[in-house]
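Visitor: Sequence:
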Amino acid sequence: MNEYKLFWRELIREVVSKESGRSIDLEEIIAEIPPRPELGDLAFPMFPFAPLFRTSPKEIAERVAGAIKQDHHAETTYRKVEVQGSYLNIHLSRPIVSASILTRINKEGREYGRNSTLAGSKVMVEFSCPNTNKPLHLGHLRNDTLGMSISRIMQENGAAVLRVNLINDRGIHICQSMLAYREFGGNSTPEQEKLKGDHLVGEYYVRFNSWVKDNPEAEEAAREMLKAWEENQPEVRELWEKMNNWAIEGIEDTYRRTGISFDRIYRESETYQLGREEVFRGLEKKVFYREKDGSVWVDLSDQNLDRKVLLRSDGTTLYLTQDIGTAVQRQEHWPFDRLIYVVASEQRYHFQVLFQVLKLLGHQWAENLFHLAYGMVNLPQGKMKSREGTVVDADDLLDNLVSLAGKEIHDRERAGEVDDIRQTAEKIALGALNYYLLQASPYKDMIFNPAESILFTGNTGPYLQYTGARIASILRKFRERQASFSPARVKPELLTTEEEWEIIKLLASYPEVVNQAAVELNPAIITSHLYDLAKSFSRFYHDHPVLHNDDPDLVVTRIELVNSVLQVMRNGLSLIGVPFLEKM
RNA sequence: GCGUCCAUAGCUCAGUUGGAUAGAGCAACAGCCUUCUAAGCUGUGGGUCGCAGGUUCGAAUCCUGCUGGACGUGCCA
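Going by this note's numbering, the first sequence opens with residue 587, and the numbers climb by one from there.
No lab work stands behind these hints: they were computed from the structure. Bear in mind the structure is a predicted one, so any value in this text is a computation, not a measurement. By construction, the Cβ of each residue, glycine as well, lies at the ideal position given by its N, Cα and C atoms. Wrong hints could be hidden among the right ones.
What the hints assert, rightly or not - Label-pair restraints from in silico Cβ distances: (1) E856 x Q1068: 56 to 62 angstroms; (2) G1044 x E589: 31 to 37 angstroms; (3) S702 x T1082: 31 to 37 angstroms.
What the hints assert, rightly or not - With a straight-line cut-off of 20 angstroms between C-alpha atoms, the simulated SDA-like cross-links for lysine to any residue are: (4) K945 x S887; (5) K1030 x F937; (6) K894 x L869; (7) K604 x E614; (8) K1169 x S1072; (9) K993 x S1039; (10) K894 x E877; (11) K1077 x R680; (12) K813 x L869.
Based on the provided sequences and hints, a complete structural model is requested.
Guide: What follows is the structure in C-alpha cells.
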C-alpha cells in the first residue's frame, strides 16, 4: 500500500507546488486512509495549504483534483479522484492493485511481509530471566511471549537476532527454598511426589515464608547458607545443584510447551562476579567514588537519578553490578547494534541507572541499550500476591485452557474431524493465551481476566485459528475438485465486491504493519491487523461462495485470493505465537 | 515528599503519531445453519475520551494545572 501512498503523495506534491508557486516538501503531503471505505482508498487533507492559497481547503482540493485529472500519467493507477469536503480522495484501480498483490503474495509466499529495513544489524533480546526457586507464573508468560514475538518481528525486518536468557539461579531467595527443603523435605524427589521439579522447589519456597513467620532465625540461617554457597561448601553446593536442576528442568518443560527458546543461556551463578572490574575502572576514571566504609557509589543526582551503590562495603556485588558486567560480556561475545531488555516496568529506574553507568564508563554502545518496560499483569481482584496465594501459575493456567479447549472441541462436535484432539486443544490454548497477552500495548498494565481469556469467540487467538482452518478447509475441497474447474484462469478483474476489495487492501498493507511493529516494538500492531483481516475474510465468505460458483474463472480467482489470505495469516501468526491449525 | 507511567462504552482493549460521524470484543437484546466448519455472520442499544484551561483551521492525541490509580525512590532482585 505504501507504494501507492508514495506515488500519490509525490504527484500531489508536484501539483500543489505548481499550483501554489511554492516548492512543497514531500513531508507536507499527508496521506490517510478515509474513515469509511466508500470515501475512497486514500485521502489527502488540504487544510494545511489554506494559508498558502489564501482560499478554502475545499477549493484547493478542487483545483488539485482538476489538475490531476488532466495528468494522463496517473490514469492507470486510479479509478477516480474526488473531492470530499476539504479532502482530496483517491479510489485506486481495483483490478490493477488486486492483480499486483495476488501475484506478489503468490510469488513471495512465506517471504511476503519480510523486509530489509534492519538488514545488517545485530539485535540481542534478553527476556524471561526466571528465578530457580519457583515455577513460572502469568507475569513470566507475558514476558516470554513478548520476547519471542519481538525477536521474530525484528527478524522479519531483516535483523540478525540473538535471544538470550539470564537464569537467576543464586541468591538469598534460592537459599530460602533450599533451607526449607533441607528442614522439611525429607529427601523427597519430583518423581516420588509426582510433581514438576520447579513446582516442588516452589513448595519449599512457600514453606520457608510461612516458617519464617514464627521462626525469625530462619532468615539468618538462609544468609549463612548463602555464605556457605559462596564459599563452595560441598553439601550446600550439592543441594543447590540438585534443586536447581529440578527447577530448571521444570521451567524448560514450560518453555517447550509454550514454544519459547533461546540462542544463548546465561546463568547468574556464572556471571554474578562480573562487573566488579568495571566498577574499579570507574573508580580509576573518577566517575565513581568510594565511601569511608569501602562501598563504591555513583552519583547521578544531576540527572535526577540519585546516588546508587555499585559495590557493598564488604566488596560484594549487587544486581546492578552484575548487569554492568553481563552487558560488557555480551558486547564482547556478540557485538550487538542493539540490546533490548524485556523486563517489567517496575525496573525502569534500575535500567536508567544501568545505562547511565555504562555511559560513564565510556561504552559507546550504551546508547544502543533499550529497556522494553512492559506493564504488570493484574487480576480483576487486583495485584497477584505470592503471599496471598493469588499468583496464577503458568502450568495450571495452560492445563486449564487446554481442558477448556478440549471441551469446546467435543461440544462443537469436531472431535471426529480434527486429527489429534489433545494436540489441537494444546494449540488452541496457546493461541488464546499468546493472543490475549499480545493484543494489549506492551507498556501498559493489563488485567488478566481468566474467565474472559479462555473465551474462544470474538477478538481472540482461536478466532484467527478458526478463520485459518476454514480457509484451509476450502482449499482442501478445491484441490479435491480441481479437475472440474479446468480450464480456468485467474482474472483479478472478477474480484468486484466491496468485501473482496477490503481484503485486498489489508493484504497490501501487511508489509507496512510488519515494519511498524518493529519500529514501535509492539506485537499488538500485528494482532490487530490479523484480526481485521480475519474479520474481513469472514464477512466475505459468508456472503460470497468460493467453490459453489458457475464461473470457473471466478472460482480459481477467489481461490487465489483465499490462498493469499491464508499465506498472510500464516506469516503473521508465526510472529505472535499463535499456532496455525489445518483443522479445528 | 520527589520521579516515571497510566486514565477512552458496564467490563477488556484499539484508535493509522494533530484530521472526516471515536472503533472492536465481551456482556444485553433481535435475527441468520437443505449451500465451502455457527469457535461464524447481520442488526439494536451503550461515550462530557478523568476534570479545567491553553496551542491550532482542527485535539482522545501536543502543553499546563488538578483529581484518581500503578510503579519506583534498598549496601533486595
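Visitor: Indicate, hint by hint, whether the structure satisfies it.
Guide: Against the structure, the hints:
At about 58 angstroms, the beta-carbon gap between E856 and Q1068 stays in the expected band of 56 to 62 angstroms. Distance hint for G1044 and E589: a CB-CB separation of about 34 angstroms, consistent with the stated range 31 to 37 angstroms. The given range of 31 to 37 angstroms is respected by S702 and T1082, whose C-beta atoms sit roughly 35 angstroms from each other. Straight-line distance between C-alpha atoms of K945 and S887 comes to about 15 angstroms, which keeps the hinted pair within the 20 angstroms bound.
At most 20 angstroms may separate the alpha-carbon atoms for a hinted pair to count; K1030 and F937 meet this at roughly 18 angstroms. Distance check on the hinted pair: K894 and L869 sit about 14 angstroms apart at the alpha-carbon level, within 20 angstroms; holds. Between K604 and E614, the direct Cα distance comes to roughly 15 angstroms. Compliance with the 20 angstroms bound is thereby established for this hinted pair. With a C-alpha separation of about 27 angstroms, the suggested pairing of K1169 with S1072 is violated against the 20 angstroms cut-off.
For the given pair, K993 sits about 16 angstroms from S1039 by alpha-carbon distance, which is consistent with the 20 angstroms threshold. At most 20 angstroms may separate the alpha-carbon atoms for a hinted pair to count; K894 and E877 meet this at roughly 12 angstroms. For the proposed pair K1077 and R680, the alpha carbon gap of about 12 angstroms is at most 20 angstroms, so the pair holds. Between K813 and L869 the alpha-carbon distance is near 27 angstroms, which puts this suggested pair outside the 20 angstroms criterion.
Figure legend: structure checked against the earlier numbered hints; hints not met, in rising order: 8 and 12.
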